[in-house]
Structure formats: structure tokens, C-alpha cells
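> Chain B: place on chain A using the hints.
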Amino acid sequence: MQYRPDATELLADVAALLDGEVLNAVGGPLQHRVRVAANLVRIVEREVRAGAANDAAERARLIELLGPADGDADLVALRAQLAARLDDPTPLLAGQSAAIHAALVVTVRADLAISKPSYDNWDGE
Amino acid sequence: MTATDPSAAGTIDTTANGLARWLTEAWGRAVDVSGLRESSAGARRRNVLFDARVDGKVVALAATILPTAEIQIIDVAIEAAVRSVAERGGVPVPHVHGVCTDDGYVGGPFFISDRIEGDTIARRILRQAAATGHGEIVVNQIGDALARLHAIDPSEAPPGLPGTVDMQPITTAMAGVTEAVAGLLRPEPAFSYGLRWLRDNLPDEPASCRIIHTDVRNGNIIVGPEGLRAILDWEGSRFGDPMEDVAWPCTRMWRFGDDDKMIGGLGGLAPYRAGYEAAGGVWNEERFRWWRVLVTLRWGTGLAGQTAAHLDGRFRSIVMAGSGRRVIELAYDMLQLVKPD
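In the order they appear, the protein sequences are chains A and B.
All the letters of the first sequence, read from the start, carry residue numbers 0 to 124 under numbering that gives the first Met the number 0.
All the letters of the second sequence, read from the start, carry residue numbers 0 to 340 under numbering that gives the first Met the number 0.
So that you can see chain A by itself, here it is in the shape it has in the complex (with noise of 0.2 angstroms):
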């Protein structure tokens, strides 16, 4: 097992860093760069943190949603398996939109809690 700092505190050092000292120490367009290179830092660093977690979440509501038989499938494979399904012009059944609607607003506001916490403070017009 490593010694501290742990992944997520060493990932934090970085992006203060970054969004600090070499902040304040560069000019121009690389001051752009920096910033977002710091913000990506700390989206990895939210992601070492709940990415686990999201993703067996995820392929619980793929699973209910596509049903058990394709319980064996990795969480891509269950991604490619939905948007085939969206892709398939039959009709879906009475209800199913809106449980496919629900279940990836619920997937989307998790991947934002990693990549832009509070853009989902927002529920449309």
C-alpha cells in the first residue's frame, strides 16, 4: 500500500498548484490553459473519489431497464445495447420513454457531480 498522501490528496495538491502558484506565474494564453488544466485535475480528482461508485450505479439502471439477461455485460456494452435500442425506430413501449428519459437524467447528474458539479441546478424553462 502506498503512504500518504492517497491519490485524491496528492490529486488536489496539484490542482492547487496549478490554479495558484503557476497560475499567478504565467501570462497570456497559457494562463487559459492552466486554468483548465487545473480543473481537469480536479474533475480526476472527484472521479478517484465517486467513478466506481457511478459506474455500478449505472449498470444497475441499465440492467433494470434492459432486463437480467444481459446482467453479464460490461458497462459499455450495456451503454452500446440502450442507444441501439433508442436507435431502433420500433416504438417503445407505453411508459418506457419516460423511464429511459428518468434513468439517464439520474446517470447524467451523477457524471456531472465529477466533471461540473451544480451545472444540473437547472431543470429547464
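Keep in mind that the hints were calculated from the coordinates and are not lab data.
Hints may be right or wrong, so weigh each one.
[Unchecked claim] Derived list of chain B stretches under chain A, where covered just means 3 residues or more per stretch with a C-beta under 8 angstroms from a C-beta of chain A:
{"#": "1", "region": "178-187"}
{"#": "2", "region": "190-203"}
{"#": "3", "region": "248-261"}
{"#": "4", "region": "317-327"}
Even glycine gets a Cβ: it sits at the ideal position worked out from N, Cα and C.
Showing chain B alone in chain A's frame:
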């Protein structure tokens, strides 16, 4: 300097010399260029602001310079011509003084237009609107400007403008975004859901196409304390459905967090639509709603495309790497627009 830095095409001094040389030849009088500075440069082009002294008078000018001819979306001469057509139609644009397609002056083709003072940076425009309370006036004026653009007889369009007056913009856009979703690096069921909604709600094609700008938004406008002064960045101009043009400024990413003000964080739909209709624009709610979903989804695939270009080495950039993690934002916005009843 890296390939991502648009100013790599020329230094301030060589640019000033090149512009002075061209203006002197074009105007047939000695022109001196001074006070040259880079404005907020886009990824593909430089916007250079300067003063030209001719016959003892100082003229405030701006040059839009393409780094190389091959990066242009539409030819710089067509872009300049569209601006002039729009200006004659009553759309506020900086007046174009001349076009140069020869790379020999400043390292790329360029055109020169009036320099209009005012704010162009979106967050500064929002601060100004908060201070003056003129946000609703600005969105009303944007609606007015779009209607004037869309009222222009399509036969006025410069030769070479992409698209045609009798093209089918709905069908074309549907095919394009379907292909873009199929090309995503990972399956995104939310995007498939959006595509399905677009197919299920396909509106009738507009009766005919018009000249559209395609990128009017907070970030491509000049605003002063009294309101809208000009619409910039005509590089994406083409024929299309006016409702596509009307839908784009309403997308969430141009609000910079102020979701109560649908158009650019400046004002709501009512003054915007009123401005459009008062200037003769014909509003079609069904196509407006459809285009809002389409342009949101399409921008998501555009961000995905940036990341693909980064990952496969065509255009390495930390900003484009980050674009991939923004794709989900557009999926969220799109899902909010297609909520089931």
C-alpha cells in the same frame, strides 16, 4: 509558440508593416499604422485592432486575419461580402473596407473593417448589463438584427456562400447529427435519446432558406452602454433555416450561469421574439423548439470531435482534451429540452 497560438502567424511589428503596406496600395495614399493590439483571438483567427493615419486623419480599424488559407471555414472574401450584404439589409456590422486574399502581407488572408468600440467579452457584457439594466434591450436588438438578416433576398447572397436557397436544412441537419452521434468514441445513450426525439418530432422544412449567421450569441457581439452595436464573426454564414439562427443564441452555454435569462444571460425570450417579429421575422415555434434540441446535441458532438482530434494527435491541446468532459453538459441540457409529458 505552439500551433494552437494564433498569434504565431506574425508579430505585432510585421503585422503593422503589412497592413500599412496593403492600405497604402489599396487607398493610393500613404497610410501609417499605429497602436496595433491583439483583441480576444479565436482559435482560428486573429483580430487585430489599430489606428490608420491617412491625410492627417486617424481612422479606427480592425483586421481579421486567418492564419493560413486552408483553415478558413468559408473564404475570407465571401465572409466580407456577407457582412456587406447584411449591412445593406440593416444589420449592425462593422463596415468592411477591403479584403486581401494574398498571404504576402500579414501571413494570411484578411479583411479590414471599422473598429467599433464597446465590450465583446461575454462576462464583461453581462457586468455592463447588470449595471445599466439594458439586457432586455440588447436581446430585443439581437432579435431585430436576426430578422433583418433573414429578410434579405437570398439572391443577394455572394457566390460561393455554402448551401442553396432550396436546400432542405432539417433533413441535412438531421443526417449530419446522426452521423456525428454514430462517430462518438463511446456510446452515449442520452445522445441516442435526443436523436430519437429529433426523428419523432421532425418538423416540415421551411418554405425556403435564407442567409443565416449560425453563431450569433453573447461572445460574438459588441455592446455599449446604450445597447447592441454590432454582430461579429460571420465566418459560419451559409444558407439555412432562420429558426436555426434564432435557436442558437438561446442555448444554455451562452448564459454563463444566468439561466433565468434565456438569451445570453441578458434577457428572456419575450423581448427577443418581440424584436424578431417587429422587424418582420416569421417565428415558427415548432421549428424553433426542434432546432434548440438539434443545436444543443450538435454542439455536444462538436466537443466530442475536439477531444477526438486531441486523442488521435491531429490537434493536441489541453483545452480540447477538456472538451470531452464537457460533452455530458450538453447531454444534460438536451435532456431538459426533451422531457416527456
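> Taking the hints in turn, state whether each one holds.
To see whether the hints hold, each was checked on the structure:
Residues of the region 178-187 of chain B with a Cβ under 8 angstroms from some Cβ of chain A number 3, which satisfies the need for three, so the listed coverage holds. With 6 residues carrying a beta carbon less than 8 angstroms from a beta carbon of chain A, the region 190-203 of chain B meets the three-residue requirement, and the given coverage holds. A count of 3 residues in the region 248-261 of chain B with a Cβ less than 8 angstroms from any Cβ of chain A is obtained; the coverage claim is therefore met, three being the minimum. With 7 residues having a beta carbon nearer than 8 angstroms to a beta carbon of chain A, the region 317-327 of chain B meets the requirement of three or more and the stated coverage holds.
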